[in-house]
Amino acid sequence: MITNLQALSSLGITTHLVAAPILRLRSGAATAAAFTHLLHSRYSSPSDLAAYASDPRHVAVVKDSVLPICDDIMAVDWLSDLSSGPIAPPPGSAVRLTLAKPKEGKKLELMAALEQVKASAAMKLAGQVSFGENFSPARAKGYEVGFIAVFDGVEALDGLEKDEALVEEEKKKLRPLLESVIVVDFVVPPAPAPASL
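Numbering-wise, the UniProt record's numbering puts 54 at position 54 of the sequence shown, and it's gapless, one number per residue.
Don't take every hint at face value.
[Stated by the list, open to error] Cβ-Cβ distance ranges computed for the label pairs, FRET-style:
#1 T3 x S80: 32 to 38 angstroms
#2 E169 x V59: 41 to 47 angstroms
#3 P86 x P176: 30 to 36 angstroms
#4 P56 x K162: 44 to 50 angstroms
Derived by calculation from the structure, the hints in this document are not laboratory data. Model, not experiment: these values are computed from the prediction. Don't be surprised by glycine CBs; every beta carbon is placed ideally from N, CA and C.
Given the sequences, and given the hints that come with them, work out the whole structure.
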């Protein structure tokens, strides 16, 4: 499955595509869902994402390699301002992905709070932080906001937890706005050998 998903980068539609095992499940909802792998990809535009999703080679990989062995699939897509850091996080980067399901009527307040978290001292260890509102609700199971922080490696990501008081301060701002949150960590694997479909 991983090899076939990684080979989808040869389609030339994505600016970044990596399939990886989950390093750690960091929230109760993530543990309950028991996610084991993820696909992280970036596109120049929503139309590129649509082209990728409908490409027959992508559809074939999902049908033949993913669906037969996966119990559940979800996706959250958002537009990001990637003015800092590389489009494609380098191999060895540790990434924390957070998917948020806001309480009813709290999405705008959550977005404002995430802007503050992005600029907070807690996120200074991250080389890149982006978040946004999901524009693919059919596949997101009610998770309306995505937030991703890219670190130089697992040690840098673990450094986020060292100042527990600082992290807890940021979490306190968000908890009243959230119905549910999925948080997972993963490591960007080495670039695969060139492959095609």
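Quick rundown of the hints versus the structure:
1. T3 x S80: 32 to 38 angstroms: 27 angstroms, violated
2. E169 x V59: 41 to 47 angstroms: 45 angstroms, holds
3. P86 x P176: 30 to 36 angstroms: 35 angstroms, holds
4. P56 x K162: 44 to 50 angstroms: 47 angstroms, holds
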